[in-house]
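Each protein sequence line maps, in turn, to chains R and D.
All the letters of the first sequence, read from the start, carry residue numbers 709 to 920 under this note's numbering.
All the letters of the second sequence, read from the start, carry residue numbers 99 to 344 under this note's numbering.
Calculated directly from the structure, the hints in this document are not laboratory data.
One thing to keep in mind: the hints can contain errors.
To be verified - Anything over 10 Å on all C-beta distances counts as not near chain D; from chain R, calculated: (1) L719; (2) S918; (3) E919.
Stated by the list, open to error - With a Cα cut of at most 30 Å, we get these calculated DSSO-like pairs of lysine-lysine: (4) R:K740 to R:K791; (5) D:K131 to R:K718; (6) D:K131 to D:K157; (7) R:K747 to R:K791; (8) R:K747 to R:K785; (9) R:K718 to R:K785; (10) R:K740 to R:K718; (11) D:K131 to R:K785; (12) D:K289 to R:K886.
Stated by the list, open to error - Quick list of the computed label-pair ranges, beta carbon to beta carbon: (13) R:G774 to D:I321: 50 to 60 Å; (14) D:Q106 to R:G774: 44 to 54 Å; (15) R:N865 to D:N190: 26 to 36 Å; (16) R:S717 to D:I336: 37 to 47 Å; (17) R:R796 to D:E248: 46 to 56 Å; (18) R:R796 to D:E122: 26 to 36 Å; (19) D:S334 to R:R812: 51 to 61 Å; (20) R:G734 to D:S334: 37 to 47 Å.
No residue lacks a Cβ here, since even glycine has one placed at the ideal position from N, Cα and C.
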Amino acid sequence: MPTFEMINSKLLCVRLNNEEVFTKRGAMIAYKGNVTFAKSSGGAGFGQAAMRVVTNENLQLMVSRGSGEVFYAYLGKHVTLLKLNGERFYAESESILAYDSRLRAGTEFMGNQGGMSGLVRGAVTGQGLFTTTLEGHGELAVLSDGDMIGIDVNPSNPVFVDPDAYIGHRGQLTSSIKTDVSWKTFVGQTSGESYQLQFTGNGTVYIQASER
Amino acid sequence: MPNSYNYQTLPSNDNINAYSYCLEVRDAMFMRKGKMIAYYGNLRFSALGDSMYAVIVDKVFNAPGYIGDFVIVNGQGKVVLGDNGNNIASYNLESGNLTVKSSHVLGFDSSLICQESTQPGYLTLMGTGTFLASSNGPVHFIEPPCRVDEQALLGWADCPSPSYHYDYSYIRNIFDVVGSMVLGRTSGEEKQIDFFGQGTVLIQSSEEELAGRMNLQRLTSEISGLGQHDLNQLSSFINNLMRPGE
Chain R
709 MPTFEMINSK LLCVRLNNEE VFTKRGAMIA YKGNVTFAKS SGGAGFGQAA
759 MRVVTNENLQ LMVSRGSGEV FYAYLGKHVT LLKLNGERFY AESESILAYD
809 SRLRAGTEFM GNQGGMSGLV RGAVTGQGLF TTTLEGHGEL AVLSDGDMIG
859 IDVNPSNPVF VDPDAYIGHR GQLTSSIKTD VSWKTFVGQT SGESYQLQFT
909 GNGTVYIQAS ER
Chain D
99 MPNSYNYQTL PSNDNINAYS YCLEVRDAMF MRKGKMIAYY GNLRFSALGD
149 SMYAVIVDKV FNAPGYIGDF VIVNGQGKVV LGDNGNNIAS YNLESGNLTV
199 KSSHVLGFDS SLICQESTQP GYLTLMGTGT FLASSNGPVH FIEPPCRVDE
249 QALLGWADCP SPSYHYDYSY IRNIFDVVGS MVLGRTSGEE KQIDFFGQGT
299 VLIQSSEEEL AGRMNLQRLT SEISGLGQHD LNQLSSFINN LMRPGE
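If we strip away everything but chain R, and leave its shape as in the complex, we get (with noise of 0.2 Å):
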């Protein structure tokens, strides 16, 4: 199985020993051993990745093939490694560095979640109304702008998030839009932060400190 270690905050190295790993396209910024790129629909199938295509969540990818010691790194942007134990993640397209050839990637539809307010949610944030899954026993790398912050979500306590720095969720989470907007803000006295995600459920949700 590829290896997955940081260097240093915002470098990745990956570890091949014939073997493949997906990473977002241009982030490879130096390789030793004999490692080929290739574009790449990210291990899905052909219907994937026309799904992908269709709904915006497309992600750019690339496979490197080989063996060798690869490193990446995107923009400055600071990396976290997740382990995935059989469980579900969900993240936006963007935020992906690279992911073990091990997990499945897949889209969802967002809208399923919270009904109407899902697809408000999708159509005001901008981004999508569709998230990238991806699924099973295996390491992934998230960019984020600084360092990620995990928030624990639990039926007492659903937290708000601003939906630009929402990077992913993991559990059992519903999301759904709430709103600040009242007619003031149509009437030029914005309040600002006027919606957020609302988070309920049991799981946890990945946040990074920006707003873009």
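Starting from the known structure of chain R, arrange chain D on it as the hints suggest.
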């Protein structure tokens, strides 16, 4: 695995890491618009124009040019603040005053008084309380006399108002009309801000401004003070810069 926090383990009024800060809200606090990245609890964010807070705003906020940049947060809960991955630090003032570049002010207690500095683009905070500021890289404190690159300057405390210091080569450029028009961004090696007297100067660890949309925000806030004639000149200057193929 990243650190994971819940309501109890989130720090209260402290940094979570160098780039994010957790505020425990009890009283009304001023916060820069849009810097909330997550919160727990029952909180309300309202514009400074909201009549509910007229008394606080009247007492605390003496910077009409920046009234649209801040919101008041009140209620019970914990707010996580972030600023485009810039470093965040908190400062405690005890009947003191600190002047900070306005785009770097993230939030402050309503026990402080916030006024517009005579230096354009800066805010002065006075009194006793805490405020938050962001910077590109960690903040470093130095004592005057010193000269600082304007881009790297974060602010200053307890010293006389600063002035500009020019090197001869810069002044020579001013006489050359074309040179002065092209000199939009100086390297900081020819023109610096000069500090003297007793006090502290705060600098960020980079000569770049903050990441994000801060530069334009600061520019637009300064443009509001220009007259018709100046605006015409500025517009023709910008048109010259934007002419394609030159």
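State the violated hints by number, sorted upward, taking the hints as numbered earlier in the document. 2, 3 and 12
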